[in-house]
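Visitor: So you can see what is in the structure, the chains are spelled out below.
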Amino acid sequence: MNSKSKILLVIASLLLLLTFLFPIWSINLEAPQYPEGIGLKIWINQITGLKPNDLANINGLNHYIGMKEIVPDAILELKIMPFIIVFMIIFGLVTALTGKRFLVYLWIILFFILAAVGLYDFYMWEYDYGHNLNPHAAIKIPGMAYQPPLIGSKMLLNFNAISMPDIGFYALAFAVILAIIAIIISKKTISA
Amino acid sequence: MYRKYFNMIAIALAIIATVVIVHNGCQQSKDLVSGDVAEKVYVKPGTYDDFYLFTSGGFSGHVGVYGLPSGRLFRVIPVFSQDPEKAWGYSEESKPMFITSHGFVPWDDAHHPELSQTDGVPDGRWLFINGNNTPRVARIDLSTFKTAEIIEIPNSAGNHGSPFITQNSEYIVASTRFSVPIPNKDVSLSSFKENFKGTLSFIKIAKDGAMNIEFQIIVPGFNYDLAHGGKGPSHGWAFFTSYNTEQANTLLEVNASQNDKDFVAAVNWKKAEEYIKQGKYKTFSSTYFNNRFDEKKHMGISEKRSDVKVLIPSECPGLIYYLPTPKSPHGVDVDPTGEYIAAGGKLAAVIPVHSFSKMMKAIENKEFDGEVDGIPVLKYESVMAGEVKNPGLGPLHTEFDGNGYAYTSSFISSEIVKWKIGTWEVVDRIPTYYSIGHLCIPGGDSRKPWGKYVVALNKITKDRYLPTGPELTQSAQLFDISGDKMKLLLDFPTIGEPHYAQAIPADILMKNSKKIFPIEENGNPYSTKAEKDARVERNGNIIHVYMSTIRTHFAPDNIEGIKVGDEVYFHVTNLEQDWDIPHGFAVKGANNSELLIMPGATETLKWLPMQEGVYPFYCTDFCSALHQEMQGYVRVSQKGSNVELAWGTGK
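So the protein lines, in turn, are chains R and Y.
Our numbering puts the first sequence at residues 1 to 192.
Our numbering puts the second sequence at residues 1 to 651.
The shape of chain Y in the complex, shown without the other chains (with noise of 0.2 Å):
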């Protein structure tokens, strides 16, 4: 009897103990950050950071850019989001790129930066990223840092599941988070198992850049949630995870959480061209947007899309197969060699790792396990490689170093933790300050990770920096990998969420990066190449100003004979050839935004006098030492005046 509260008793203590110590080593491990870390991150005022890491501007729906190891943050790129500092969204040049078959669409949720590769490496040409809530996968050019490209994608809800490159750029793939009736109609929403249906989609990428959906293949109603290409031996194949096999359609935090497995979609993507080439394909019409900004013409172009073509996998043998995965698994990341394909099963125990070849066995040998809607289903043991054993709570993306390891977050138990591949043992964990989401190695996704640091991406940093009120900044952390065990090196806040990020070195891009846009090759309708050409139109109640910017003055700087209820567009063309010397335009009253010019650009804000008056507007980016001076006026007169048009500089 004693005995037995004797035992309890110690039992007690010793879990108290542990708790005490374990508390304590996290206190401790919190502020174990050794001497030299100060020197690693530290990039000296006037030099260069040796990687551009690209975030993911989440909710925001930009990008930032910023410098490792010194996670300085200098350039915001606004993609899916009106940005007034830019005037993106707001100039008439860049409005078309914001317009989806729904409208006008100002705003997205921006998930996952993604390189553009040759022979699976990052070339650093483009950086591709999915807005979420409006499907849409937009293409940033890394030559001016500028979105260049928008596009919509029909037959989709929830666009999570991408940009995911191929090897060679030949594709972007994107699957649909959510399933929902294809084409949309208006039905029953417990009719789910009947009428709902994913998408996976393969975006092509011409030479130039240019995006157009090439196919789109029918899934069952599940919730597809990432991707990755294969690459090496897997070249040829895009993998997709996939959640809620219970097609739950509501409360699936519990619905979708218990079946045991779900899946892993293996699309053999050049079947699926021979399957296209030979007709197999149905039409379906969708309308849906294309948006391109034309860099010599410094304006956007919307061009409305219908009909793509889709592959239904049970007239498609061959086409894909399902790889039992367990459990409502988050990424699927694809090692450096192209063998193994590791899943994030959110809620398992395990990470298990597929073998590409054992598949490809196991597809020959037809070893299935039953299939659903005409999509075999592979035996779990015949295509697994190994399961990575204790690997933290809620594994979910796997990052690889190019040295034989491979890095997993896990966001409940919030670290990261480092296995080896092959052996599947777990060889170092870190914890990550807090809850991690994705994280991010240079190349960290191709075949050649520059496997020197990884960047963890934080949903929650609480006490780690200045509190701002409820709203906190969410943040990345810096860690070494160069050694055997992963050391932490700097915290550093990111706007927005970042969900995921990559990194390119420095090299590779910087010498892309352009200076100016050559005046002589500004193909605007409405540009002012020579300050001579300056000059105000009146069509009707359209009133065009054509005016032009050069240190210190803007040509023409008086304007008169503008009407109340005209309709005024500011056509400001930035003669400077000169590096770093944008022009801003601002006038009072505008309901837009400013202009931001850069050099040899063409940029237009429409305004709409309400009332007669005088109106001032002024450079807005200091561009000199008589920036102060660079200033004029519009002479706003009522309607039906007999005010004449005049306009001029200096006179």
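Bound conformation, chain R alone (with noise of 0.2 Å):
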């Protein structure tokens, strides 16, 4: 690998640090009685409101239907997604260090492995709080499930739930390209 690909590589890495400080989800829900907006906004190792408290509001209106609390502390994937992001990144850094290309492969494939388990979880995720409601519940509606989509918008009873990328995510997007640019540029170099 040339230099070029291997300054790519590290910014690649570093990047990664930004889903540190951004969220990589978002859920905004739209209804009359919001004009200020509601929403939640998932970190990788936290979820918290949109505004303070909106964690607690939109557990106080899910009770209505019966979905379950929302309790962060209570969610692995938020205590193991650090980790498993710090590792891509020190892998992303030793493999700009050792220049080897196949490292590079590995890491953008684990990497699409890692983005699809993820997406996978958080669909799970979704549906779980979506369809596990509370049999005494105030309100029910047969046939009704409340999962926010996993990107695009839904309407569920009165909100419409918008389910979008944040930052942290376009972090990681961005990260995977420059990866692949670093991958053809170093390709280029060798026909070259």
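Each hint should be verified, as a subset may be incorrect.
Claimed, not checked - Computed list of lysine to aspartate or glutamate pairs in EDC-like fashion (alpha-carbon distance at most 20 Å, straight line):
#, chain 1, residue 1, chain 2, residue 2
1, Y, K515, R, E36
2, R, K51, Y, E521
3, R, K68, Y, E531
4, Y, K532, R, E36
5, Y, K44, R, E69
6, R, K51, Y, D580
7, R, K140, Y, E629
8, Y, K282, Y, D373
9, Y, K529, R, E69
10, Y, K511, R, E69
Keep in mind that the hints were calculated from the coordinates and are not lab data.
On a predicted model such as this, the values are computed, not experimentally measured, just so you know.
Using the supplied hints, reconstruct the complex from the two chains, each of which is provided in its own coordinate frame.
Guide: Here it is, written out as structure tokens:
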């Protein structure tokens, strides 16, 4: 690998640090009674409200339809994810240091596997919260589930739930693009 | 001979013609509201007004909060009067706010709202207002729109001339309308001249808004009416009107209207501070109360105070001067530059305007015209800057637009008169419906008026609204003053009787408006910060119910083991942390009121069950789809019954 590729890989690895500073996903809920907005931000290690108290208020609203309370401390994924990210950063930096191309491929493949598993896990988590409802809930609508969309928007009773990647996710995406560019550039140098 | 009759008939016809023309003119102008007016006051649904308007509630004791230009009422802030809707004066936490040296006083007459200022400009931190009857001044916190403090003014009777602020909110000034014996004592009413005195009070405002009676000045026994702080060059001075310099104690409408001139008292409060520092004061012992509402504890704390520092003018040269002013002056208003002091001589044929710089020169040159109790009286001609001729009948108050014009309300002729500062000529006048008292331009008594509107505050409405029996609404009228001619835009009804009002641009206030009280900051000793802490405790016949509310239940919502003769305190904490989600609490047979608890706050209702039985309680604020389910029961057993104390929710 040439030095340009190595630098790109270092940048790609360090970009992952942004996931500690920005949420990776956000779910905004729109309803007439909430002109000021209400929503959740999902980080690699926590779930917070769009505004202070939003999480508690969403839990409060959700109890009417029997959704489980969202307790960030009880979600295992939020404990594991920071270690995975740190591992990927170190892996990326070591790869840049050694300059071995197959390690870059491995890094990218691992990255896609982790992304796929992560999104699947997120989907299942949403499915569980949206379907696994308290049978004693005050509001029960036959056939109604409250699973927010993985990406995009969906009406859930009076709320329009909009689920979108956030800055942290874009940082991840950009990192993998940089890694791919690093591979392409290094290929060119070899053929030249 | 015939010629003489002819002349008389001609004159009579001329008078009739004039009356008819004037009459028709009035009829016309009442309807003359030009085409684009609706557009100027129309605030589209879902959009905001440009200004907050705070009107005094007068005999209601409250403050009304309106939007301008729409005239929409969106809040009533209870201040000196109990309000069962908000449990103000009924909840255990708010009762201390009503304590005075006369005990619990549940009502007052609130006249003059005054916004706090920084550098002579309204800053939106607090709104002060006076209680006229049992002399008090209140401070309203404009981040919560709640009364935060009430201080009683000792040695005062009829706290009309207050609360007027100094340029950097150093002081609120207050003057006694009624002179009384000081200290108060049992004397013959006819000994007025000998025994009766007035006081001018200076209430210090601390950085956090806390009020303290810093000092008082004992003045001759006149009626002191209104006041204003100086600004710019006159900063450091305060001006007070007086009437009844005749010192009558009966039939004042005649006996207090004899002198051609009464006085504006000019007080050099910076000088007063020096005298205080030098120790040239007397200490009068008098009991008064300071009541503060602790926002973190959500409770009022009443503190008894005694002793006040008093300055005697004859012992403090240079402290105070009298400016002769025709005739029984009411308002005293300082223009934005701080140079001109306009007095509303309510029985005068002119509006006298004093000059601050001329006053200073006259003091320097000792251009005196005698003295009263050691207070030098300055020569009228030496201090007078000009007289506004033909200002209408009964001029009362003046506000300023910041563009060189002044607007005076004339009560008897029921009009606003616009005049030019410097030339003193009347340039426009417009009728009000009817009998205008105060008037208000946003920032109109400050250094920087927002001279877009003037609001007339009228005493009489007669035919302006649908009739409602003998008691009619009082009203405000909005005029556009952005052009050369004043234009009537809107009539809107007001709560109580509006005396003065003040307005401030919305953007100064709205960014500070609180949405909730953080529950973790709740320092109320009886709070229930989590549902698991909800409980009932008995101590003899005192029962404390530590209750929480969250959509959509009370915890506990079933209580047993209360007995007739118990004194029950429901300490209700609203655990919600969402904007605009208060919960209410009402229990059957309560002799006081409901509670209306804001998110994160704790309030306490005292309840004395008189008979055994089952008593429901419920939430009174439609809080959610299951609001009608938000209810509970208290079981009350006979005295001496062995029903155990028990409580719970969902068991």
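Visitor: Evaluate each hint against the coordinates.
Guide: Against the structure, the hints:
For the hint linking K515/Y to E36/R, the alpha-carbon distance of about 11 Å falls within 20 Å, and the restraint holds. With a C-alpha separation of about 18 Å, the suggested pair K51/R and E521/Y falls inside the 20 Å cut-off, and the hint holds. In summary, the hint linking K68/R to E531/Y is supported, as the alpha carbons are separated by about 18 Å, within the 20 Å threshold. Pair hint K532/Y plus E36/R does not hold up; C-alpha atoms about 31 Å apart against a cutoff of 20 Å.
Taken as a hint, the K44/Y and E69/R pair is broken in the structure, with Cα atoms around 40 Å apart against an allowance of 20 Å. Restraint check for K51/R and D580/Y: satisfied, since their Cα atoms lie roughly 15 Å apart, inside the 20 Å limit. As the CA atoms of K140/R and E629/Y are separated by approximately 16 Å, the hinted pair is consistent with the 20 Å bound. Taking the CA atoms of K282/Y and D373/Y, the gap is near 17 Å; set against the 20 Å cutoff, the hint holds.
Pair hint K529/Y plus E69/R holds up; C-alpha atoms about 19 Å apart against a cutoff of 20 Å. Taken as a hint, the K511/Y and E69/R pair is broken in the structure, with Cα atoms around 32 Å apart against an allowance of 20 Å.
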